[in-house]
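Going line by line, the protein sequences match chains A and B. Take the first sequence: its letters are residues 1 to 389, numbered as in the numbering used here. Take the second sequence: its letters are residues 1 to 389, numbered as in the numbering used here.
Be aware that a few hints might be false.
Restraint ranges, calculated between C-beta atoms of paired labels, are given here [to be verified]:
hint: 1; chain 1: B; residue 1: G261; chain 2: A; residue 2: K48; range: 47 to 53 Å
hint: 2; chain 1: B; residue 1: R318; chain 2: A; residue 2: R314; range: 50 to 56 Å
hint: 3; chain 1: B; residue 1: R319; chain 2: A; residue 2: G261; range: 14 to 20 Å
hint: 4; chain 1: A; residue 1: E5; chain 2: B; residue 2: G261; range: 55 to 61 Å
hint: 5; chain 1: A; residue 1: P17; chain 2: B; residue 2: Q179; range: 38 to 44 Å
hint: 6; chain 1: A; residue 1: E113; chain 2: B; residue 2: R318; range: 40 to 46 Å
hint: 7; chain 1: A; residue 1: Q328; chain 2: B; residue 2: R149; range: 52 to 58 Å
hint: 8; chain 1: B; residue 1: E385; chain 2: A; residue 2: P17; range: 34 to 40 Å
hint: 9; chain 1: B; residue 1: N317; chain 2: A; residue 2: D122; range: 55 to 61 Å
hint: 10; chain 1: A; residue 1: E37; chain 2: B; residue 2: R41; range: 40 to 46 Å
hint: 11; chain 1: B; residue 1: R310; chain 2: A; residue 2: D291; range: 46 to 52 Å
hint: 12; chain 1: A; residue 1: P206; chain 2: B; residue 2: R319; range: 45 to 51 Å
hint: 13; chain 1: A; residue 1: G261; chain 2: B; residue 2: D178; range: 56 to 62 Å
It is worth saying that the hints were derived from the structure and are not from the lab. All residues carry an ideal CB built from backbone N, CA and C; glycine is no exception.
There are 2 protein chains.
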Amino acid sequence: MLRKEYLMTPGPTPIPPQVSLTEAEPMIHHRTPAYTEEFVRLLEGLKKVLLTEKDVLVFAASGTGAMEAAVANCFSPGDRVMVAVGGKFGKRFAELGSAYGLEVIAYEYPWDERANPEVIADHLRKDPDIKGVFLTHSETSTGVVNDVRAVGEVVKESKAILIVDSISGAGALEMRTDQWGVDVLVIGSQKAFMTPPGLAAVAVSPKAWELVERSSSPRYYFDFRKARKKIMEKEPQTPFTPAISLVRAMSVAVEMILQEGLENVWERHRILAECCRAAVRALGLELFPKDLTGAYAVTAVKVPDGLDGRELVRHMNRRHGVILAGGQDQLKGKIFRIGHVGYYNFFDLVVALSALELSLKELGMDISLGAGLAAAEERYLEMTERAKN
Amino acid sequence: MLRKEYLMTPGPTPIPPQVSLTEAEPMIHHRTPAYTEEFVRLLEGLKKVLLTEKDVLVFAASGTGAMEAAVANCFSPGDRVMVAVGGKFGKRFAELGSAYGLEVIAYEYPWDERANPEVIADHLRKDPDIKGVFLTHSETSTGVVNDVRAVGEVVKESKAILIVDSISGAGALEMRTDQWGVDVLVIGSQKAFMTPPGLAAVAVSPKAWELVERSSSPRYYFDFRKARKKIMEKEPQTPFTPAISLVRAMSVAVEMILQEGLENVWERHRILAECCRAAVRALGLELFPKDLTGAYAVTAVKVPDGLDGRELVRHMNRRHGVILAGGQDQLKGKIFRIGHVGYYNFFDLVVALSALELSLKELGMDISLGAGLAAAEERYLEMTERAKN
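Take these sequences, add in the hints, and give me the full structure.
Now the structure itself:
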């Protein structure tokens, strides 16, 4: 069969044609009014998507760069911070804290559950020296989505700031940066923002800026102060050469999100997630997360007994061109993940589910072909019918 | 839901990314060795795909232009020709013949059947003055595919030449131009050849060239003699400005067909057609053609009672972004057509079938969601499993 590739991973995600075409436009110089205009359009668009009035700073880096920037800018060696760890990306925040000499208190919660805001509240009450709380909004490695609003309420009461990795969240899932009390929000270009990897951004609150001014951690490329100084100028710029084509591409993608409407985008992701889950369950498979509240970015599925998860992912790629993600770290071989965050619609899901059905059958599982698709279609009609009324 | 468009019509068909990228390359001048090299590559590639050693002439025109060229070049006013008419495109050959003052004997056969080679043989025996027989290979308007080989055997015995419109055939379906005795084969860029519309080609046999030399019909732009003279030069060219970007794009597309392998391409179309039919039948719908032999380019389906065919096509487009073709001429509103000729794989079909299931349900038909998809998947596994063994 003619091979086409279907990227159904939770990042990178498919790029809309209009974004690709923008990226392919002739290079312009960045120290020009033309670039400034596009850069400012991106910053203003991002504020609307992230629902924030805060300073938004953009870096030529992938998401981890901006996570590191948050650590290096807000804290000094020896500062005590609390990191909620319930997956690979929670762990990364803890590793970054250690790398910068912070005293990291890891709040380990089960990978198939959400972090408990009460536990965080307890810690903050008992230990008023905690300077920051790190939380993963959408834990890409497990599909679990944390209750940022509830954690925000808790952290707001303390002296600590709340740093949220929303790399596979904002732009696809509800994220009210200011209203929910997020002090540093970290995003990347390559998931909900439908742009190739290489661009990251942070939104920084006044409460966080106080820490930024006091931090003694080493930083240069990711220095928030340098970046803010440059966007405050009459012709906003970045201190170092920006990723020009990505900035212009992401600006188009952000415009697409705003055109579709934030609430419509959130609802689309909810519909895709619900349809995906209906299909997975109809095929007799089990979802990995116990708590699926708001978990609309990634569907993590337990590999059924008797099947090798890595073989399933390999088979779907080689034979059908559908690229899913396997499990990471302790979940390697135990789960597979269908990403539906970004430029996806129902028929993208249909392709992934058809390839999944074919693959399960080909690998010897006793499933009923079409059962998953039927369930997805039923759920889709239900959910979109309701929307029409 | 986020709208994406799925072109499932029998032309134009989806363009592979590598073809689109070639089309977007900077313009070159055509009276240069660089252009000649690409033009010659296209001509050589086309000969391989069409299985011909004949002269291949390329025109900046859509398919009808090359159909007209065949009429104008091979016949003179008053010449008697026979046209097999079993659909809109058979009719077009008859109209072209009349426009050029030919005496057209229309052999009308039912639109849901194939032309009968015996009838053609009878006519040729009874009327040795018939100078040409026009046949549609794949009748895009009905999905029926004629037995070119059998008609070729019949015409070979006579003084007449055989002109075949293979615009939705060759490049996707088996077409052995030389072996089957086709004297003038007509193709276009926008179906099996996975290129935007605007380029057409003919392959012309020595038997046809004799008529070309004698024809007194008016022609200039489409003059086969001018075109042949130009490709015979040391640096092959076209007499008039060629569609440069389309020539280069189609050259890439032809290379893709040859890379996949002609027989693999034919088999892929057979698989897609069979899977599509299995799905349509499982949904309780009826196929339009009575004779489905070799009919692998288009699946024409009868609109079920109580449904408005035009409304179904409109609904699938508006609500699901899936673009099917309706019926043409006397079949308007009575059939709809799913095109799967060109850059299609199984998952393109899956999307079209899912949209069809959703639409039938939404328009009030009592169908079982997923039933068509299950049947398509079953057939797909059967057919590709067999291929593996």
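Hints, verified against the model:
Take B:G261 and A:K48: their Cβ atoms lie about 51 Å apart, and the range 47 to 53 Å holds. With their beta carbons about 39 Å apart, B:R318 and A:R314 fall outside the hinted range of 50 to 56 Å. A hinted range of 14 to 20 Å holds for the C-beta pair B:R319 and A:G261, which are about 18 Å apart. A hinted range of 55 to 61 Å is violated for the C-beta pair A:E5 and B:G261, which are about 20 Å apart.
Our hint of 38 to 44 Å for A:P17 and B:Q179 holds, since their Cβ atoms are close to 42 Å apart. Take A:E113 and B:R318: their Cβ atoms lie about 42 Å apart, and the range 40 to 46 Å holds. About 57 Å separates the C-beta atoms of A:Q328 and B:R149, a value consistent with the hinted range of 52 to 58 Å. The hinted window of 34 to 40 Å between B:E385 and A:P17 holds, with their beta carbons roughly 35 Å apart.
About 56 Å separates the C-beta atoms of B:N317 and A:D122, a value consistent with the hinted range of 55 to 61 Å. Distance hint check: the CB atoms of A:E37 and B:R41 are about 43 Å apart, consistent with the given range 40 to 46 Å. Checking the proposed 46 to 52 Å range against B:R310 and A:D291 shows it holds: the Cβ atoms sit about 48 Å from each other. Distance hint check: the CB atoms of A:P206 and B:R319 are about 47 Å apart, consistent with the given range 45 to 51 Å.
Distance hint check for A:G261 and B:D178: the Cβ-Cβ separation is about 59 Å, which falls inside the suggested range of 56 to 62 Å.
In summary, the structure is inconsistent with hints 2 and 4 from the numbered list given earlier, while agreeing with the others.
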